[in-house]
Each structure stands twice: as structure tokens, then as C-alpha cells.
Amino acid sequence: MIIARVTGTVVATAKEPKLEGMKMLLLQPTDASGQTAKGSPVVAIDAVGAGLHDLVLYAAGSSARQTEITKDKPVDAVVMAIVDLIENQGGISYRKG
Amino acid sequence: MIIARVTGTVVATAKEPKLEGMKMLLLQPTDASGQTAKGSPVVAIDAVGAGLHDLVLYAAGSSARQTEITKDKPVDAVVMAIVDLIENQGGISYRKG
Amino acid sequence: MIIARVTGTVVATAKEPKLEGMKMLLLQPTDASGQTAKGSPVVAIDAVGAGLHDLVLYAAGSSARQTEITKDKPVDAVVMAIVDLIENQGGISYRKG
Amino acid sequence: MIIARVTGTVVATAKEPKLEGMKMLLLQPTDASGQTAKGSPVVAIDAVGAGLHDLVLYAAGSSARQTEITKDKPVDAVVMAIVDLIENQGGISYRKG
Amino acid sequence: MIIARVTGTVVATAKEPKLEGMKMLLLQPTDASGQTAKGSPVVAIDAVGAGLHDLVLYAAGSSARQTEITKDKPVDAVVMAIVDLIENQGGISYRKG
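Chains as they are written, first to last, in this note's numbering: chain B, 1 to 97; chain G, 1 to 97; chain F, 1 to 97; chain P, 1 to 97; chain D, 1 to 97.
The set of hints was computed from the structure by calculation and includes no laboratory data.
A few of these clues could be false.
If several chains are the same, the list does not tell them apart, and a pair holds so long as it fits within one copy or across any two.
Said to hold, decoys possible - When the alpha-carbon atoms are kept at most 20 Å apart in a straight line, the in silico SDA-like pairs for lysine to any residue are as follows:
hint	residue 1	residue 2
1	K38	Q28
2	K96	T36
3	K71	E20
4	K18	I82
5	K23	Q89
6	K23	K71
7	K23	V42
8	K23	N88
9	K96	V11
Kindly generate the complete structure, drawing on both the sequences and the hints.
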């Protein structure tokens with residue numbers, strides 16, 4: 001999974017019917033501190049009620065279809081956890097709130 | 001999913017028989033504003049009637065086969081939404097039309 | 001799918017028995033003009049009778065196993081179309097022959 | 001599989017129910033010596049009891065769901081081996097402990 | 001598939017039980033000549049009896065599980081061919097032995 005910051009949302013009226021009602025989050029992958037951007041933005045389906053500015057984990061590929069709401073859907077990224085705490089290199093690199 | 005601009009189309013007469021009748025779009029991945037190119041072009045099957053210059057989302061890998069028209073086909077990218085609006089960093093980074 | 005130029009072939013006597021008889025093409029991914037190389041070479045199974053110098057599309061990952069000849073085989077890239085024409089940015093960026 | 005160093009852990013209270021009880025490790029991919037970082041950090045599920053500072057292998061994508069604890073779960077990376085020894089270029093590039 | 005040089009082996013005592021008895025090869029992806037390294041090392045399961053210094057092809061992702069020995073195993077890369085010859089750009093870029 002990749003650590004990412006929720007930076008926004010995406011609205012699409014014309015879409016595959018299976019996507020109806022799904023919340024699409026705009027994510028910016030980050031390092032373990034949640035502060036430094038790493039690579040390009042990704043759009044993922046929200047499976048856990050994540051909100052703006054939350055640091056989250058997303059799973060990509062076929063694994064993104066292993067939640068109840070994304071099963072058999074044409075989506076390749078899902079937010080499956082909201083990060084509370086990251087311990088890295090013997091210290092706390094991120095703590096929520 | 002990745003945000004991308006539809007910049008063109010690809011025509012291929014000699015192809016896997018399962019691909020007959022599919023529309024192949026040329027996409028340029030972009031940032032959240034839809035203005036700045038990010039990485040290399042990708043060719044994706046159109047599942048939503050996207051047109052030239054539309055900003056779209058595409059899904060890659062096995063997830064690209066989860067639409068009615070791409071099921072069991074040898075395709076690894078599908079356009080599954082046309083973007084209307086992107087909110088990013090507290091503002092609107094893209095609005096269609 | 002990715003646009004690529006067929007630049008050669010790969011011969012392998014010692015291989016997984018399921019690969020017997022398959023033609024392995026050496027591909028160089030390119031931009032939409034077919035002229036500029038993009039990234040590293042890839043080896044893909046030929047499903048459409050592509051020849052040297054053809055501009056083709058290849059599908060990667062599990063989608064590469066969705067053709068008759070690659071079904072259930074340990075291959076992760078398949079050439080599934082020979083490109084005739086690419087329209088990009090309002091012009092023709094590539095035309096075969 | 002990719003060689004990586006376990007540099008920390010990730011704690012998430014709000015998560016997909018299927019992830020309950022799983023240990024999430026923060027990994028830094030490395031070269032064959034285990035000393036030089038390569039690319040961005042990844043979060044993976046632990047399937048082998050790996051500890052902080054261990055050099056491990058992780059599998060990504062659908063393969064990450066092929067262990068007993070990750071079956072049918074929305075996870076795309078799993079630690080499936082703790083490295084004891086790496087031989088590279090005729091020498092030993094890494095030895096545990 | 002990707003062209004790579006076998007540069008070593010990886011030994012792991014603590015591992016997912018399904019991996020018992022598998023040979024893990026350290027691979028360095030290369031260009032079509034087999035001489036120039038391209039990107040980071042990868043660890044793959046050997047399905048064809050490849051040896052040190054062999055130039056090989058490996059398949060990644062779910063395709064890596066399509067050999068008899070890797071079926072249903074948590075591995076995402078498999079060596080499925082030993083390269084004898086590569087023809088590239090009208091010449092022979094690599095010949096074994």
C-alpha cells in the first residue's frame with residue numbers, strides 16, 4: 001500500500017454505471033511523514049469514510065476490488081485505511097490530529 | 001485511477017478479434033488541473049463516450065476488464081469516467097466546459 | 001495499452017513448456033509519433049502477426065493472458081494490435097507504410 | 001519480489017474491516033546490499049513475523065493475496081520472506097545479524 | 001517480459017510455507033545487449049533452471065503464478081526463459097555462451 005494525503009475530490013456525471021454513488025478522492029502520495037509529496041496524484045475510491053487532509057493508505061490493482069463497495073467494479077485504487085500513527089527509524093514520523 | 005486528457009485516437013485494422021468495434025483513445029496523463037502533462041501517453045478503451053479534449057479517468061490492469069465492453073478482452077486500460085470537476089487544496093483545479 | 005515499435009526478436013530454447021511455439025518480440029515503447037523512444041525495452045508475445053518495424057500496441061499484466069494463444073501462460077505482455085494511424089493534437093502523428 | 005528494509009510500522013484504527021488484526025510494516029526498498037535506498041516507501045502486510053530492521057522480500061499486486069492471512073483482502077503488498085543471505089556478483093552482499 | 005541478468009541468489013529461512021524449496025534468483029534488468037543495467041534489482045522464482053550470469057526473461061504480476069511450481073504462491077516474478085539470442089535493430093545484440 002502507498003501512503004497518501006487526501007487533497008480533494010473528483011466529480012464525474014458521465015461514468016461507468018457500476019461507479020454510481022462512489023466517492024472519488026484525489027490523493028497525493030507522500031513520504032512517511034505525510035509532508036513530502038512523492039510522485040503524481042491518484043484518484044481512489046473511498047472505502048473507509050476518509051476526509052480532506054487525512055493521511056491514508058490506498059491499495060492498487062486487483063486488490064482495489066476486494067472491498068464490499070468496489071467488488072467487480074472498474075476501479076484500480078481504493079482507500080482502505082486512515083492512518084493514525086507512523087513509526088519510522090525509531091521515532092514517530094506522523095501522528096493524526 | 002489516473003487523470004488524463006483525451007488527445008487523439010488510434011486506428012488498427014490488424015488486431016486481436018476480441019477488440020473489434022472498440023474505440024481506442026490516446027490519453028495524456030495530467031496533474032489535477034488537467035493542464036500539465038505527467039509521464040507518457042497511454043492508449044485506453046472508451047467505455048463512456050469520451051470525446052477529444054475531455055478530461056477523463058482511466059483504470060489500469062485487470063480492473064480495465066470490469067466493464068461490459070471490456071470483459072475478458074486483452075486490454076489493460078479503460079476510460080471509465082469523464083471528469084466534470086476537481087476540487088484540490090481547497091479550490092477548484094478543473095471545471096469542464 | 002502502450003505504443004511501441006517492434007525492433008527485434010528473442011530466441012529462447014530453455015523455457016517454460018507452455019511457451020513452446022510462441023513468437024517473442026522485442027519492443028521499444030515510443031511516443032505518439034512512433035519516433036521517440038520512451039523508457040526501457042519490453043519482450044511481448046505476438047498475437048497478431050506483427051513484423052519488424054511495425055508500430056504496435058501491447059497490453060501488460062493479466063490482460064496479456066486474454067488472447068487465445070496466451071491463455072493461462074506465464075506471460076505478462078502481448079502485442080494485440082498493429083497500428084495503422086494515430087491522430088493526436090488535431091493532426092496525424094503516425095501513419096503506417 | 002523486491003528487497004526492502006523494515007523501517008517502521010503503521011497504525012490505523014479506521015480501516016476496511018477485513019484488515020482487522022493485520023500488522024502493517026513500513027518498508028524502504030533497497031539494493032542488494034540492503035544499505036542503499038531505492039525508490040519510495042511501501043506499506044506491506046506481515047506474513048512471516050518480520051521485525052524492525054529486518055531485510056525482507058515483499059510481493060506486490062494480486063500475488064500479495066496468496067497467503068493465508070491476506071486471502072481476499074484489499075492489500076497489494078505482503079512480506080513473504082526474511083532474508084538471511086544475498087549472494088551477488090560473486091560475493092556476499094548481505095548477511096543477516 | 002523483461003530482459004535481465006542473473007547476478008546472484010537470495011536465501012531466506014523464515015518465509016511463507018508455500019515458498020519452501022523454491023530457488024530465488026537475484027536479477028538485474030538490462031537493455032537488449034544484456035550489458036547495460038536498467039533500473040533496480042528484482043528477486044524472481046526460477047522455473048527453468050537458470051544459472052548465474054544467464055540472460056533471462058522474467059514475467060511479473062499474476063502472470064508469475066502461471067507455472068507449475070508457482071501456482072497459487074505469493075510470488076510476483078518468475079524466470080520463464082533463458083535467452084539464447086536477441087536480434088535488435090537489424091543486428092544480433094546478444095548471443096549466449
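20 Å Cα threshold - placement of Q89 relative to K23: between (34 Å within a copy, 17 Å between copies)
Homo-oligomer pair classification [E20, K71; C-alpha up to 20 Å]: both (13 Å within a copy, 19 Å between copies)
Intra- versus inter-subunit Cα pairing at 20 Å for K96 with V11: between (27 Å within a copy, 10 Å between copies)
Intra/inter-copy verdict for K96 and T36 if alpha-carbon distance must be at most 20 Å: within (16 Å within a copy, 30 Å between copies)
Alpha-carbon proximity context of K38 and Q28, limit 20 Å: Both: 7 Å inside a chain and 14 Å across chains, each within 20 Å.
Alpha-carbon proximity context of K23 and V42, limit 20 Å: within (14 Å within a copy, 24 Å between copies)
Same-copy or cross-copy closeness of K18 to I82 [CA-CA at most 20 Å]: Between. Shortest inter-copy distance 14 Å satisfies the 20 Å Cα cut-off; intra-copy 25 Å does not.
Alpha-carbon proximity context of K23 and N88, limit 20 Å: between (31 Å within a copy, 15 Å between copies)
K23 and K71: within-copy, between-copy, both or neither at 20 Å Cα: within (15 Å within a copy, 24 Å between copies)
Checked against the numbered hints listed earlier, the structure breaks none of them; every hint is satisfied.
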